Amino acid sequence: MMSMPTHTFRIVVAKPGLDGHDRGAKIVARALRDAGMEVIYTGLHQTAEEIVETAIQEDADVIGVSILSGAHMTIFPKLFGLLRERDAGDIVVVAGGVIQSEDVPRLQEMGVSAVYDAEQPLQALVDAVTRLAAERRVRLGL
Amino acid sequence: MNERERVAAERDTWENEDVAAFARRRPERREDFQTFSGETMERLYTPADVQYDYDRDLGFPGRYPFTRGPYPTMYRAQPWTMRQIAGYGTAADTNERFRFLIAQGQTGISVDFDMPTLMGYDSDDPRSEGEVGREGVAIDTLDDLDVLFRGIELDKISVSMTINPTAWILMAMYVALAQERGIPLDRLAGTVQNDIIKEYVAQKEWIFPPRPAMRIVRDSILYSTKHMPHYNPVNVSGYHIREAGSTAAQEVAFTLAAGKAYVEEVIKAGGSVDDFAPRLSFFFVSQIDFLEEVAKFRAARRIWARTMKEKYGAKKAESMRLRFHTQTAGASCTAREPLNNIVRTTIEALAAVLGGTQSLHTNGYDEALSIPSETAMRIALRTQQIILEESGVAGTIDPLAGSYAVEVLTDRIEQRVNEYFDQIEERGGVIACVEESWLQQEIANAAFDLARKKDAHELEFVGVTKYRDDKGKAPALDLHTIDPAWERNQLERLRRTKAERDQSAVASALERLVQAARDENENLIPYTVEAVKARVTGGEIVNALVPLFGRYKELAIF
Numbered sequence: 001m002m003s004m005p006t007h008t009f010r011i012v013v014a015k016p017g018l019d020g021h022d023r024g025a026k027i028v029a030r031a032l033r034d035a036g037m038e039v040i041y042t043g044l045h046q047t048a049e050e051i052v053e054t055a056i057q058e059d060a061d062v063i064g065v066s067i068l069s070g071a072h073m074t075i076f077p078k079l080f081g082l083l084r085e086r087d088a089g090d091i092v093v094v095a096g097g098v099i100q101s102e103d104v105p106r107l108q109e110m111g112v113s114a115v116y117d118a119e120q121p122l123q124a125l126v127d128a129v130t131r132l133a134a135e136r137r138v139r140l141g142l
Numbered sequence: 143m144n145e146r147e148r149v150a151a152e153r154d155t156w157e158n159e160d161v162a163a164f165a166r167r168r169p170e171r172r173e174d175f176q177t178f179s180g181e182t183m184e185r186l187y188t189p190a191d192v193q194y195d196y197d198r199d200l201g202f203p204g205r206y207p208f209t210r211g212p213y214p215t216m217y218r219a220q221p222w223t224m225r226q227i228a229g230y231g232t233a234a235d236t237n238e239r240f241r242f243l244i245a246q247g248q249t250g251i252s253v254d255f256d257m258p259t260l261m262g263y264d265s266d267d268p269r270s271e272g273e274v275g276r277e278g279v280a281i282d283t284l285d286d287l288d289v290l291f292r293g294i295e296l297d298k299i300s301v302s303m304t305i306n307p308t309a310w311i312l313m314a315m316y317v318a319l320a321q322e323r324g325i326p327l328d329r330l331a332g333t334v335q336n337d338i339i340k341e342y343v344a345q346k347e348w349i350f351p352p353r354p355a356m357r358i359v360r361d362s363i364l365y366s367t368k369h370m371p372h373y374n375p376v377n378v379s380g381y382h383i384r385e386a387g388s389t390a391a392q393e394v395a396f397t398l399a400a401g402k403a404y405v406e407e408v409i410k411a412g413g414s415v416d417d418f419a420p421r422l423s424f425f426f427v428s429q430i431d432f433l434e435e436v437a438k439f440r441a442a443r444r445i446w447a448r449t450m451k452e453k454y455g456a457k458k459a460e461s462m463r464l465r466f467h468t469q470t471a472g473a474s475c476t477a478r479e480p481l482n483n484i485v486r487t488t489i490e491a492l493a494a495v496l497g498g499t500q501s502l503h504t505n506g507y508d509e510a511l512s513i514p515s516e517t518a519m520r521i522a523l524r525t526q527q528i529i530l531e532e533s534g535v536a537g538t539i540d541p542l543a544g545s546y547a548v549e550v551l552t553d554r555i556e557q558r559v560n561e562y563f564d565q566i567e568e569r570g571g572v573i574a575c576v577e578e579s580w581l582q583q584e585i586a587n588a589a590f591d592l593a594r595k596k597d598a599h600e601l602e603f604v605g606v607t608k609y610r611d612d613k614g615k616a617p618a619l620d621l622h623t624i625d626p627a628w629e630r631n632q633l634e635r636l637r638r639t640k641a642e643r644d645q646s647a648v649a650s651a652l653e654r655l656v657q658a659a660r661d662e663n664e665n666l667i668p669y670t671v672e673a674v675k676a677r678v679t680g681g682e683i684v685n686a687l688v689p690l691f692g693r694y695k696e697l698a699i700f
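Protein chains in written order, with this note's numbering: chain E, 1 to 142; chain D, 143 to 700.
Chain E on its own, in the form it takes in the complex (with noise of 0.2 Å):
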């Protein structure tokens, strides 16, 4: 008989960067713990490296990188190619904080599966990080 997949989602909330806005990455923590998710928060100033090594250890299905020091272009592209390196690409990466615009896009092109800000409602993100973290497990046949 096929077992059900009973586990919860786990979701890293990172925070790169030098720079302390920490506010936004806690809410968004605490949302998706309500929401029934096992929520890892990093913590400050966490180096590319660092992130990539706890959404391993943690068996991340998403990781969620709040960022608003405006070093998001330099931190993505690092991340993401740390993640292949490590062979964890299916790891689903989504982006919150301070971001412009004209950088959505190119962050989408980058892997980024999603942008959110403070200015969405919570309850969008929490919906959004859900299905992409439903849609990981059904590609990966979890």
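Don't take each hint at face value.
DEER-style ranges, computed between Cβ atoms [what the hints assert, rightly or not]:
{"no.": "1", "chain 1": "E", "residue 1": "D59", "chain 2": "D", "residue 2": "A574", "range": "32 to 42 Å"}
{"no.": "2", "chain 1": "E", "residue 1": "A88", "chain 2": "D", "residue 2": "Y454", "range": "34 to 44 Å"}
{"no.": "3", "chain 1": "D", "residue 1": "G455", "chain 2": "E", "residue 2": "D59", "range": "57 to 67 Å"}
{"no.": "4", "chain 1": "E", "residue 1": "E53", "chain 2": "D", "residue 2": "A598", "range": "31 to 41 Å"}
{"no.": "5", "chain 1": "D", "residue 1": "D611", "chain 2": "E", "residue 2": "V104", "range": "13 to 23 Å"}
{"no.": "6", "chain 1": "E", "residue 1": "D59", "chain 2": "D", "residue 2": "T249", "range": "54 to 64 Å"}
Here chain D is said to cover these stretches of chain E; the calculated rule only asks that three of the stretch's residues, wherever they fall, bring their Cβ under 8 Å from a Cβ of chain D [said to hold, decoys possible]:
{"no.": "7", "stretch": "11-19"}
{"no.": "8", "stretch": "23-30"}
{"no.": "9", "stretch": "117-123"}
These aren't lab readings, by the way, just hints derived from the structure by calculation. Since this is a predicted model, take the numbers as computed values, not measurements. Ideal Cβ placement from N, Cα and C applies to all residues, glycine included.
Assemble the complex: chain E is given as a structure, and chain D must be docked to it using the hints.
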């Protein structure tokens, strides 16, 4: 029946008859009206609601308990300092912005540093990649500070530096620069933020753990008190606490609790309260809830005065009067329909002025999008000038005093703050609360509550949660752009300074600094001044001390 009882009785009649009948025909918009911080707002406040004793609780401007203002004449003699913060790229780039702002009538300078400078990494550190000159100006050595203030007379204009874990290094550079330019230290006026407690609580810039970090703050206060009588060595800040999502009462409570911790630290080292307390200054946000914010500023002054007098036995009025800088709320600015932020900023600036601020930064309308463009900064500065020159509010002192609503809100903030003071004390003081992440958790809870209310439309944000226009065209804004040349130029400057300096002087200055750091009773500032004069970089100073002091690791909660 006295007047108060008569009004109370009459109000009951009004509620039961007039209001009830009217509300049957036209129900109120909400069941419950609240301030932005979630305090209940009654339908009406009357003389029956206010509790104050005029002499005890309000008094006169410039007199205890300073509720009505720190000075006897306020803006009639001295308008608040219009101090727009600026910083990006290399020192030369920011110097250009400063000269522009001074030419526009700005009366003080305020420096924003880039993340690497704030966190103690040199521009050539691998952690700095992509962040050099991005969110502020990059300062690695004294040569950079010299260029930053080129053509600016440091004995004539007051300079505020927003920097914390590395504040003592920048203060030492400032001292060294004044000495190299032949300016006596007692002519320097200005402020360095240097409020490490709120870093652990909210802004999250740190290097060392709280204990050694507090010692460095103590050293800067003692040094500044002795050598720089017009300098503010600490700017105890609530801005970041509120921006992280706290309530108004938490902002005041946690800020003043940090202020108390600094006072206690310096007293413990033998400082006398009336020697240094007059130089402590404060920094608050002005958020969008106009009445609540005016009340908050007035309450903060009263609570600090009472604390200094009753708890620490201050005798001088200057030790009890709270002086503060204000910045309008970055968190209230929206990325959608950014020009609306000019209106929000105006309301917030007006609250700061009616709350009696000593200096003010008004945000650019592009605050939610990038660091401000020149156009945005000009309008922001003009907003303050219009309030001062045209609105008329600067003509009389504390004009909202005696407003039933404002006095009730002022009392309520004072009460909430005192409740927090008690809780913090019960938990072993503010440092213990930081180490347990209790203050951080309180703020995270308030921030989540705000986010929830926003999602549930209990709080509306125009153009975002209500009247949202996703089809409308975004206005074409001329935003501040990042020039990739800044990082290259700064790396080149740093390389040159490092190549040209006397390497043995660098090594011996660092050795003396570390030696001094080992002795808890030594003051680090003179050794740091000596080091920066030898062109030791900020990163080198930090790296020399990390093995001794350790690195802080946050207990991350959400």
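Hints violated by the structure (numbers, ascending): Those not satisfied come down to hint 2.
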